[in-house]
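2 protein chains.
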Amino acid sequence: MTVVYNRVALIGLGLIASSMFWSIRRGNLAKEVVGYAKSEKSRDIARSIGLCDQVFDDLKDTVENADLVVLCIPVGVMSEVVAQIAPNLKKGATLSDVGSVKRAVIDAVKPLVPDHVHFVPAHPLAGTEHSGPESGFASLFDNRWCIIIPTPSSDPKAIDQLTRLWTGMGAMVDKMDAAHHDLVLAVTSHAPHLIAYTMVGVADDLSRVTDTEVINYSAAGFRDFTRIASSDPTMWRDVFLSNKDATLEILGRFTEELFALQRAIRTEDGQMLFDYFSRTRTIRRGILEAGQDTEAPDFGRSLTDKNKE
Amino acid sequence: MTVVYNRVALIGLGLIASSMFWSIRRGNLAKEVVGYAKSEKSRDIARSIGLCDQVFDDLKDTVENADLVVLCIPVGVMSEVVAQIAPNLKKGATLSDVGSVKRAVIDAVKPLVPDHVHFVPAHPLAGTEHSGPESGFASLFDNRWCIIIPTPSSDPKAIDQLTRLWTGMGAMVDKMDAAHHDLVLAVTSHAPHLIAYTMVGVADDLSRVTDTEVINYSAAGFRDFTRIASSDPTMWRDVFLSNKDATLEILGRFTEELFALQRAIRTEDGQMLFDYFSRTRTIRRGILEAGQDTEAPDFGRSLTDKNKE
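Those protein sequence lines, which keep their order, are chains A and B. Be aware that the first sequence starts at 10, since it is given in my numbering, and climbs by one per residue. Be aware that the second sequence starts at 10, since it is given in my numbering, and climbs by one per residue.
Hints in this document: simulated from the structure, not taken from any laboratory. A couple of the hints might just be wrong.
Subject to a maximum C-alpha distance of 20 Å in a straight line, what follows is the list of computed SDA-like cross-link-like pairs (lysine to any residue) [unchecked claim]:
(1) A:Lys253 / B:Val218
(2) A:Lys253 / B:Gln280
(3) A:Lys119 / A:Asp164
(4) B:Lys184 / B:Asp151
(5) B:Lys253 / A:Glu266
Bear in mind the structure is a predicted one, so any value in this text is a computation, not a measurement.
Whole structure, please, built from the sequences with the hints as guidance.
Take a look at the structure:
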């Protein structure tokens, strides 16, 4: 593959940044990738596992001479970091991010970006429940979507270049505006996460059912919620605070539907339940066809070898 | 392993029954396993894939001479089936089931069981989102729990024999009373399923977000809900109708908690959100330690090979 940027700077060295590094290296998409993490421990780990060609102790040093700077940090601290690095950003460089929320990021960051820097927000829809510099892997973005959010002043060439980086990392790229992105993500990600956190919280808090029982009998469905609900707390706090309106809108719809189903249970309306549960199978088929999940039986996930013989 | 029963009869040939067959065969736990399915199509499939030593077209023929009869059918039809087979059950035989709900099953079935038959309800906590005779595999129960619910009149020998069958199939066996079982399962399985169905229903029904968007961007969390929400609709309708009280109790608690979290988002109480999201990580660790899930990163499930090189 062709080199897309000479020098890429990754700010924050968690799951996404570390996966970006391995993926850029796999595709030979940049001549050099440098990185910075706020915590010394993360920087030490990064150095010890060869994450980034160079890890800097100073934020400003990290971005100097970088053609692309990517903010891979919680949404809540982005404006603070951009305020610090703005004077050191190279003329003609692109500033991007990987935040799960876009309108709040644009509102907070855009006013701080110098005129000679292209600001092109992006959001790769990929992740695992793990975090930290050691959690990344090169194939994380393969066959996953990355949404690029052009701002009115985004340079088409800068958008095109960032698109090539993401497709080079294996992703499929889509473009949409910030408000629509935030609504779509409230449905596909933010509301499901909050719901999973809630369910796990309820289970943890029941005095009549012990934690051991919850843990032992989790394979019956609950387990999938705990996986989602073990995602990074700081990141998710920031997501909900910065995508407040869309998340609350979807949660409002969710509660309404849940009440309708609770009512069907209470009134023993079996037909309503059956119809509802049949309808939800269609979306699952679409996800399989779109290659966004596998059909392998999953509830017994550690034991999928069909040793029938 | 030692043969536990001479002849086992499986009523219903879906995921659980077919997995039981392959598992019993793997462990050589019965001399003969016969089966019955209501639909001719399922019986034909079973015969074509060698599922069961013999597949009967008639329910009564299936249970004659069986030392163990296991009801692997939706909870809602169990009493109807037991009324049919009761006169043909062998003296001293054990009648068991694999239903996800226990109090309703016992209330409906027990009065129909002849005095000379041992009724020992059970519930293996294992499954996948797939159903039908072709979905089973021998290792489904390995390292999973099976809960046996002794009724006051259950013979200790019959309980012990059934326990040996389940441990022979790879499961760990626990015993509890029906009401407690139903509450534990409402937490670990029934409420999570209803919540997943609800979230998928909401996503499907939003006019401002297209189905294609929901499908493409599902990898960000939503996908796990669709997997749970593609489980068998008939089975789940019956589960909710027959474990109504416990499910509604847990859903009530869930709604209460969800409102508290919604309020924290609305009032921008970041500390409350952070604390909540940190707490839910503990249960996840317990599940991993109990061997009920793997630590492999799962949100990018089809792409877990860490090809860093």
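Okay, the hints, checked on the actual structure:
1. A:Lys253 / B:Val218: Answer holds: Lys253 of chain A to Val218 of chain B is near 17 Å, not above 20 Å.
2. A:Lys253 / B:Gln280: holds, 15 Å
3. A:Lys119 / A:Asp164: holds, 14 Å
4. B:Lys184 / B:Asp151: holds, 18 Å
5. B:Lys253 / A:Glu266: holds, 17 Å
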